[in-house]
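Protein chains in written order, with full-length UniProt numbering: chain A, 1 to 354; chain B, 1 to 199; chain C, 1 to 315.
Please note that a few of the clues may not be correct.
Unchecked claim - Below, computed lysine-lysine pairings styled on PhoX-like, alpha-carbon distance capped at 25 Å:
hint, chain 1, residue 1, chain 2, residue 2
1, A, LYS324, B, LYS8
2, C, LYS159, C, LYS113
3, B, LYS96, C, LYS139
4, A, LYS324, A, LYS266
5, C, LYS113, A, LYS217
6, C, LYS194, C, LYS276
7, C, LYS159, A, LYS221
8, C, LYS139, C, LYS170
9, A, LYS304, A, LYS324
10, A, LYS221, B, LYS8
I should point out that these hints are in silico values taken from the structure, not numbers from a laboratory.
Residues per chain are reported as follows:
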Amino acid sequence: MLDLKPDFGGFFKDETFVGDFTFANSPSAVRRFPFPFDRDQYMYSVNIEPHVPTRPGSVLEHAFDIDEHYVSEMRDRARVLARDPLRCQSLPHMELAGWDLVELIMESLSRDYPQWFTLERSGNDWHWVNKPLGIDQRFTFLDPSTLPYGPMEYITRQMQGDFTLQDERDGNLWVDAGMVTTQADWSLDFDIGMNFFEWHAPVPLAHEKGIFDRALKFLLKLQHGAPVRRFNWTMTVNPLLDTAPETYPEWGPSKTTLTQANLGAKQHLRVELQSLFRLPRSNAIAFSIRAYLGSFQDLVTVPKWGRRLHRVVRDLHPDLAAYKGFLRNRDAMVEWLSKYDDGAPTSPGIWPED
Amino acid sequence: MSFPPSIKSRPVYGVLSPRPGQAHLIIADGEGAGAVADLFASGPGIAERAHVLYTPGPNGTDDWAVIAGLGAAQAQRAASVPTLLFRLARVLLDAKAGTQCYLAGSEGLIGQAERDLMAQGVPHQDIQKEHRGSTVRRVQCVHCKGVTENVRTDPFQCSHCGLHLFVRDHYSRRLAAFQGVCIDAEEPGNIPPPVEKFA
Amino acid sequence: MSVAKLLVRVAEVEKINDLITRFRFVARDGGLLPAFSGGAHVVVEMEDHGTRRMNPYSLSGDPEDRTGYEITVRRDDAGRGGSIYMHRHVSPGMEMVISHPVNLFPLDGRAKKHLFLAGGIGITPFKAMIHQLSHIGAKWELHYATRNPALCAYGDQLKGPVHFYYDDLKSFIPLRDLLARQPLGTHVYCCGPKGMLSWVRATAAELGLPEHSVHFEEFTAPQPGAPFDVELTLTGKTIHVPSHQSLLEAMEANGVDAPYLCRGGACGQCECQVVKAEGQILHRDHWLTDEEKASNSKIMPCVSRFEGRSLAIER
């Protein structure tokens, strides 16, 4: 087993995403929060752009963002998996894609965060050190018997955010593997094996708009060495990363607990930084779905975000509010947010300082 | 019969039509026997290379006599779907790549046979499927993972964990089941009366 | 989306036989190249005395060998000159530019068994696939037909369940029996001349093999033809397409960028709407449907040409 011997050091926070919910963003984490709305309205679009490093200090500085919540998020993932191992599955033909993902992540992290991660390679003999999690692993690349888990599970137990691996066949993408414990209410166990359209079938409005046809066409030409990214978002009551359908009866009741007094602290905007990488050996596509939680009271400390969040939530198409699961609380959210919207114009783009 | 338009994960069915093949593997339940009879009528060469596996439908329809009268090279009647699937596993052990697969009858039988064929490497796009007869559903409870067979109402009570579930059109080929999700998760006890939707 | 490029140097040029030469590329910076998947190709850029050629070639080496890429090129004396350029002008030490590997002929990992049918130079993707399957221990079988033993490239290197056939010796792949005895779950892959592809397609269909388990490498090298002019309505240019250049290459030579992955009529990326066609579009791609071809509403500029009075396309 992967024994976590976490070293929080001076940077990583010791916090929980369940029960007493001690999760909180530091002031600098609030400033670098990936606020997803670049204008005052929201509707689906194929908002995909090249995933190139940009803005030092932001979540887009590196291929994969490691932040102050890293160690605690990995502890939360281990907790979820111990309870329900079906949250991580890989169909048998996806093992090679799992190795591709091991290579991609280990190369990226050791390049971008050498103070925390190191990778030494001699042919297929690899030596991986993950200091924050206390992991020191020697293994043989492409030999699963040398790792404590399958390759995808091994590396994604050490990565913030969910991952799915899509096999490309018959002009479609098939979600044939995944590690899914920080999801916006979808079940890997149910959806694994589906194609791109089936997997997204429950999403309202977007099929009719041709969003998925265009997105698939775009993704099929995704090339190795040229990853892309987009943002998606939803709403979550309490900083609960694991809003899974499996445990819906446990967290569903929290949606009825909001009051004007507690809403700013309890209601979180949940943003997914989604990045997609073509994998070299398997020709599969890795889909990284990195979730960030920001409480309303933290977000409105940036005046531009407070104004814009109010307008987006107020004017959102009701089908989308229902699909994202917050139709019940929308009026309360708008009431609370209205205090932070003086009607002043907002500047284009997502960054607080622009 | 045809189902109303739905989301993209909901299975759609066609009409069985004869295709060239070294062997014809035909799996049916209940009223699916009629679809098999129509297939044989439109493809005179099929019978001599056909292997039919049949079981009564979830509504009790047993048209074995129709199947038995078709003159298939091989035909067996199984007492239940699980029994049929054991017979299917044996057939697939030494089946050849040039085997045409045809499924007919209820969604539960079609889905489970498709799942087992896929597991042996038959691309699901190349399996012909025709729905006939009962529209009861096989539903997986997303919470306890238990599958309830022959669901007739929406919502219904999970036969394993007892939660009240609404029935989605979201369908998993791998599980051969529709998805059931707790209907009163946000307000426990607020359960609408069940409506008979599937017969 | 622009095509990601790799800067390479030619490390080896080896004549395999009278028609076929193997080229090995290494990274100019001395580093490792990305691993790739069996069946992938790279687009090789050639500066052929003022004409820029960009030809796709399957990678034929070991996908796990990141120290270099290998392609295997058959000289086509009747072609437009790309393969002739490779054979005559490319020598060790030369610096070249290639695309990142792209795979339009992938293995289906779910297969219980992979059956490869190669004709002539069609061996190249299978050589890489066999390497890859050997690393992961999957079941495969190769049937390889060439004109004669002298033209059987890599015949001495292919080990394992490999069967050779030679036209000149009247030995042919026993296709019907071979396909008929394959177990359920077998995936069939065919790469070779057009006639072989049609033969395999028809025989597999007749035996009832599932359509989605039979795969074809459908690249077409662009063929030369009569020169023609074309109006590009979005850019407002009218350009000339000489006989030994493709429409796509002519657009690029005139500074008009078009997306592409394969440059061989298979990937669909360069598809253009036809605004007006007074004459005959010579469709040579594997992308458009028969109806689309018949209606002359679309053209694939990487391989297709035009004969007639005037052609205008949206680009």
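Hint-by-hint comparison with the structure:
1. For a cut-off of 25 Å, the pair hint linking A/LYS324 to B/LYS8 stands: about 19 Å separates their Cα positions.
2. Distance check on the hinted pair: C/LYS159 and C/LYS113 sit about 17 Å apart at the alpha-carbon level, within 25 Å; holds.
3. Taking the CA atoms of B/LYS96 and C/LYS139, the gap is near 16 Å; set against the 25 Å cutoff, the hint holds.
4. Between A/LYS324 and A/LYS266 the alpha-carbon distance is near 17 Å, which keeps this suggested pair within the 25 Å criterion.
5. Using a Cα cut-off of 25 Å, the hinted pair C/LYS113 and A/LYS217 is violated, with the two alpha carbons roughly 30 Å apart.
6. At roughly 31 Å between alpha-carbon atoms, C/LYS194 and C/LYS276 are farther apart than 25 Å, so this suggested pair is violated.
7. For the proposed pair C/LYS159 and A/LYS221, the alpha carbon gap of about 34 Å is over 25 Å, so the pair is violated.
8. Our distance criterion of 25 Å between C-alpha atoms is broken by C/LYS139 and C/LYS170, whose separation comes to about 29 Å.
9. At roughly 23 Å between alpha-carbon atoms, A/LYS304 and A/LYS324 fall within 25 Å of each other, so this suggested pair holds.
10. Only pairs whose Cα atoms come within 25 Å are accepted, and A/LYS221 paired with B/LYS8 is accepted, the gap being roughly 23 Å.
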